[in-house]
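Undergrad: Sequence:
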Amino acid sequence: RCGFRARPASSPGMDDLLSSVFGETRTEVPVGVFVYVTVEEELRGRGIGDELLRQAASDLVDAGCQYMLLVHDDDGSGKLVDFYKMRGFVEAETEDLGKAMIARLRKA
1 RCGFRARPAS SPGMDDLLSS VFGETRTEVP VGVFVYVTVE EELRGRGIGD
51 ELLRQAASDL VDAGCQYMLL VHDDDGSGKL VDFYKMRGFV EAETEDLGKA
101 MIARLRKA
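Residue 3 in the numbering used here sits at position 3 of the sequence shown; the count goes up by one each step and never skips.
What the hints contain is simulated information worked out from the structure, not anything from laboratory work. Take these hints with a grain of salt, some might be off.
[To be verified] Here are the simulated lysine-lysine pairs, DSS-like style, with alpha carbons at most 30 Å apart:
hint	residue 1	residue 2
1	107	85
2	85	99
3	79	99
4	107	79
[What the hints assert, rightly or not] Simulated DEER-style distance windows between Cβ atoms:
hint	residue 1	residue 2	range
5	85	38	29 to 37 Å
6	99	44	16 to 24 Å
7	26	107	12 to 20 Å
8	107	85	15 to 23 Å
Quick reminder that beta carbons are idealized off the backbone N, C-alpha and C, glycines included.
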């Protein structure tokens with residue numbers, strides 16, 4: 001199960017986040033929001049999560065997004081955070097977003 005919004009979004013708060021994490025100085029930079037993704041435990045380790053992220057990133061790039069933002073629900077083990085970090089995401093926790101991570105998108 002997964003969901004993402006494949007249309008650019010920007011806001012002053014997002015501009016501040018991009019500035020603090022990436023040093024981005026432009027405003028109204030298009031960011032795609034990856035709403036949720038879940039790979040059932042018995043299906044993990046088969047590359048499904050990677051493929052979902054790749055497809056979402058591709059769709060977001062096609063929609064004009066330059067970054068992908070996601071909010072995770074790591075159970076405290078750190079495995080989910082590590083999964084995203086290995087795929088180029090950096091932690092970007094904010095009061096509004098909670099456990100957020102963000103990555104710069106690149107055309108494949």
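Undergrad: Hints first: check each against the structure and report whether it holds.
TA: Structure-based check of all given hints:
1. Between the alpha carbons of residue 107 and residue 85 the distance comes to roughly 19 Å, so the proposed pair stays at or under 30 Å and holds.
2. The straight-line distance between the Cα atoms of residue 85 and residue 99 is roughly 13 Å, inside the 30 Å bound, and the hint therefore holds.
3. A hinted pair counts as satisfied when its Cα atoms are at most 30 Å apart, and residue 79 with residue 99 qualifies at roughly 14 Å.
4. Between residue 107 and residue 79 the alpha-carbon distance is near 27 Å, which keeps this suggested pair within the 30 Å criterion.
5. Here the CB-CB span from residue 85 to residue 38 is close to 19 Å, at odds with the stated 29 to 37 Å.
6. The supplied range of 16 to 24 Å is met by residue 99 and residue 44, whose beta-carbon atoms lie about 20 Å from each other.
7. Separated by about 18 Å at the C-beta atoms, residue 26 and residue 107 satisfy the suggested range of 12 to 20 Å.
8. Between residue 107 and residue 85 the Cβ separation comes to about 22 Å, which falls inside the hinted range of 15 to 23 Å.
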